[in-house]
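*Asks:* All chains, full assembly: derive it from the sequences and hints.
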Amino acid sequence: EDQVTQSPEALRLQEGESSSLNCSYTVSGLRGLFWYRQDPGKGPEFLFTLYSAGEEKEKERLKATLTKKESFLHITAPKPEDSATYLCAVQAYSGAGSYQLTFGKGTKLSVIP
Amino acid sequence: GAVVSQHPSRVICKSGTSVKIECRSLDFQATTMFWYRQFPKQSLMLMATSNEGSKATYEQGVEKDKFLINHASLTLSTLTVTSAHPEDSSFYICSASGHVEAFFGQGTRLTVV
Numbered sequence: 001e002d003q004v005t006q007s008p009e010a011l012r013l014q015e016g017e018s019s020s021l022n023c024s025y026t027v028s029g030l031r032g033l034f035w036y037r038q039d040p041g042k043g044p045e046f047l048f049t050l051y052s053a054g055e056e057k058e059k060e061r062l063k064a065t066l067t068k069k070e071s072f073l074h075i076t077a078p079k080p081e082d083s084a085t086y087l088c089a090v091q092a093y094s095g096a097g098s099y100q101l102t103f104g105k106g107t108k109l110s111v112i113p
Numbered sequence: 001g002a003v004v005s006q007h008p009s010r011v012i013c014k015s016g017t018s019v020k021i022e023c024r025s026l027d028f029q030a031t032t033m034f035w036y037r038q039f040p041k042q043s044l045m046l047m048a049t050s051n052e053g054s055k056a057t058y059e060q061g062v063e064k065d066k067f068l069i070n071h072a073s074l075t076l077s078t079l080t081v082t083s084a085h086p087e088d089s090s091f092y093i094c095s096a097s098g099h100v101e102a103f104f105g106q107g108t109r110l111t112v113v
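Which chain is which? The protein sequence lines are A and B, in order. All residue numbers for the first sequence refer to the numbering used here, where the first residue is 1 and numbers rise by one. All residue numbers for the second sequence refer to the numbering used here, where the first residue is 1 and numbers rise by one.
Simulated from the structure, these hints should not be mistaken for laboratory data. Please note that a few of the clues may not be correct.
[Claimed, not checked] Once the Cα atoms are required to be at most 27 Å apart in a straight line, the calculated DSS-like pairs of lysine-lysine come out as:
| no. | chain 1 | residue 1 | chain 2 | residue 2 |
| --- | --- | --- | --- | --- |
| 1 | B | 20 | B | 55 |
| 2 | A | 79 | A | 42 |
| 3 | A | 42 | B | 14 |
| 4 | A | 57 | A | 42 |
| 5 | A | 108 | A | 57 |
| 6 | A | 42 | A | 63 |
| 7 | A | 68 | A | 105 |
| 8 | A | 79 | A | 57 |
| 9 | B | 55 | B | 66 |
| 10 | A | 42 | B | 64 |
| 11 | A | 105 | A | 57 |
| 12 | A | 79 | B | 41 |
| 13 | B | 66 | B | 14 |
| 14 | A | 59 | A | 69 |
| 15 | A | 105 | B | 41 |
| 16 | A | 42 | B | 41 |
| 17 | B | 64 | A | 105 |
| 18 | A | 69 | A | 105 |
| 19 | A | 108 | A | 42 |
| 20 | A | 42 | A | 59 |
| 21 | A | 105 | A | 79 |
| 22 | A | 108 | B | 41 |
| 23 | A | 105 | A | 59 |
| 24 | B | 41 | B | 20 |
| 25 | A | 42 | B | 20 |
| 26 | A | 42 | B | 66 |
| 27 | A | 63 | A | 79 |
| 28 | A | 105 | A | 42 |
| 29 | B | 41 | A | 63 |
| 30 | B | 66 | B | 41 |
These numbers come from a predicted model, not from an experiment.
*Replies:* Next comes the structure, spelled out in structure tokens:
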């Protein structure tokens, strides 16, 4: 069974204090790993797709990396507006030509001014 | 990223009535659409997956006669909550995928009174 575990569950940072969020996964036939940001009462907002180990992607203060077992979302010098829940999801082949998307429980990030 | 529009964003209905939620992919063709339910402070719970022109595949424990899903075109899927009860009150989110990435709608807050 595919599993996605995110840690920590919650993270409080001072503004400007860099840190990383972790997403560990065990899947067969990884097709892609996704990071999303979700604000309260809204749908998840797509951030990154990573396809293979060693791949990195950046967007403003965020940088996502991928290994064969986990992904990290690095946040450099965060600002209060980066406060949100960050979701990791993996897409894997589930047979009969279809793919399954499995989500972690998310990391709730709070950035304090 | 691609745009997925979900409507309505909020709905209040009386117990016993039915409610329809629409999910549209505005700038791409969605071969697969997903419907999720999210409880407060919890991650997304997949309800069903639908491919255009096919019957939806429901997750275990999700009543297909209560949550009717139609994916009649490559840009539109609907979720109808039939004979709604207060326990159906929740945040419902759709997601659409054309190739690999899945993009989310804004979510619908359903309150059954």
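*Asks:* Each of the hints needs a verdict: does it hold here or not?
*Replies:* Outcome of the hint check:
1. Annotation: proposed proximity of residue 20 of chain B to residue 55 of chain B holds, straight-line Cα distance about 17 Å (limit 27 Å).
2. For the proposed pair residue 79 of chain A and residue 42 of chain A, the alpha carbon gap of about 20 Å is at most 27 Å, so the pair holds.
3. In summary, the hint linking residue 42 of chain A to residue 14 of chain B is supported, as the alpha carbons are separated by about 24 Å, within the 27 Å threshold.
4. Distance restraint check for residue 57 of chain A and residue 42 of chain A: the Cα-Cα separation of roughly 24 Å lies within the 27 Å cut-off, and the hinted pair is therefore satisfied.
5. For a cut-off of 27 Å, the pair hint linking residue 108 of chain A to residue 57 of chain A stands: about 21 Å separates their Cα positions.
6. About 23 Å separates the Cα atoms of residue 42 of chain A and residue 63 of chain A, which keeps this hinted pair within 27 Å; it holds.
7. For the suggested pair residue 68 of chain A and residue 105 of chain A, the alpha carbons sit about 20 Å apart, so the restraint of at most 27 Å is met.
8. The hinted pair formed by residue 79 of chain A and residue 57 of chain A meets the criterion: a straight-line CA distance of about 20 Å does not exceed 27 Å.
9. About 15 Å separates the Cα atoms of residue 55 of chain B and residue 66 of chain B, which keeps this hinted pair within 27 Å; it holds.
10. A C-alpha spacing of about 25 Å is found between residue 42 of chain A and residue 64 of chain B, which places the hinted pair at or below 27 Å, so the restraint holds.
11. Taken as a hint, the residue 105 of chain A and residue 57 of chain A pair is honoured in the structure, with Cα atoms around 22 Å apart against an allowance of 27 Å.
12. Distance restraint check for residue 79 of chain A and residue 41 of chain B: the Cα-Cα separation of roughly 22 Å lies within the 27 Å cut-off, and the hinted pair is therefore satisfied.
13. At roughly 16 Å between alpha-carbon atoms, residue 66 of chain B and residue 14 of chain B fall within 27 Å of each other, so this suggested pair holds.
14. Distance hint between residue 59 of chain A and residue 69 of chain A is fulfilled; the C-alpha atoms sit about 22 Å from each other, no more than 27 Å.
15. For the hint linking residue 105 of chain A to residue 41 of chain B, the alpha-carbon distance of about 9 Å falls within 27 Å, and the restraint holds.
16. A distance of roughly 12 Å separates the Cα atoms of residue 42 of chain A and residue 41 of chain B; the hinted pair therefore holds under the 27 Å criterion.
17. This hinted pair checks out: residue 64 of chain B and residue 105 of chain A have alpha carbons roughly 25 Å apart, not beyond 27 Å.
18. Between residue 69 of chain A and residue 105 of chain A the CA atoms are separated by roughly 17 Å; this keeps the pair inside 27 Å, and the hint holds.
19. Distance hint between residue 108 of chain A and residue 42 of chain A is fulfilled; the C-alpha atoms sit about 14 Å from each other, no more than 27 Å.
20. Restraint check for residue 42 of chain A and residue 59 of chain A: satisfied, since their Cα atoms lie roughly 21 Å apart, inside the 27 Å limit.
21. The straight-line distance between the Cα atoms of residue 105 of chain A and residue 79 of chain A is roughly 23 Å, inside the 27 Å bound, and the hint therefore holds.
22. This hinted pair checks out: residue 108 of chain A and residue 41 of chain B have alpha carbons roughly 9 Å apart, not beyond 27 Å.
23. Distance restraint check for residue 105 of chain A and residue 59 of chain A: the Cα-Cα separation of roughly 22 Å lies within the 27 Å cut-off, and the hinted pair is therefore satisfied.
24. Proximity of residue 41 of chain B to residue 20 of chain B is assessed by CA-CA distance (about 25 Å); at most 27 Å being required, the pair is judged to hold.
25. Note on residue 42 of chain A and residue 20 of chain B: the hinted pairing holds, with a Cα-Cα distance of about 19 Å set against a maximum of 27 Å.
26. The suggested pairing of residue 42 of chain A with residue 66 of chain B holds, with an alpha-carbon distance near 24 Å, which does not exceed 27 Å.
27. About 15 Å separates the Cα atoms of residue 63 of chain A and residue 79 of chain A, which keeps this hinted pair within 27 Å; it holds.
28. Between the alpha carbons of residue 105 of chain A and residue 42 of chain A the distance comes to roughly 16 Å, so the proposed pair stays at or under 27 Å and holds.
29. For a cut-off of 27 Å, the pair hint linking residue 41 of chain B to residue 63 of chain A stands: about 25 Å separates their Cα positions.
30. With a C-alpha separation of about 24 Å, the suggested pairing of residue 66 of chain B with residue 41 of chain B holds against the 27 Å cut-off.
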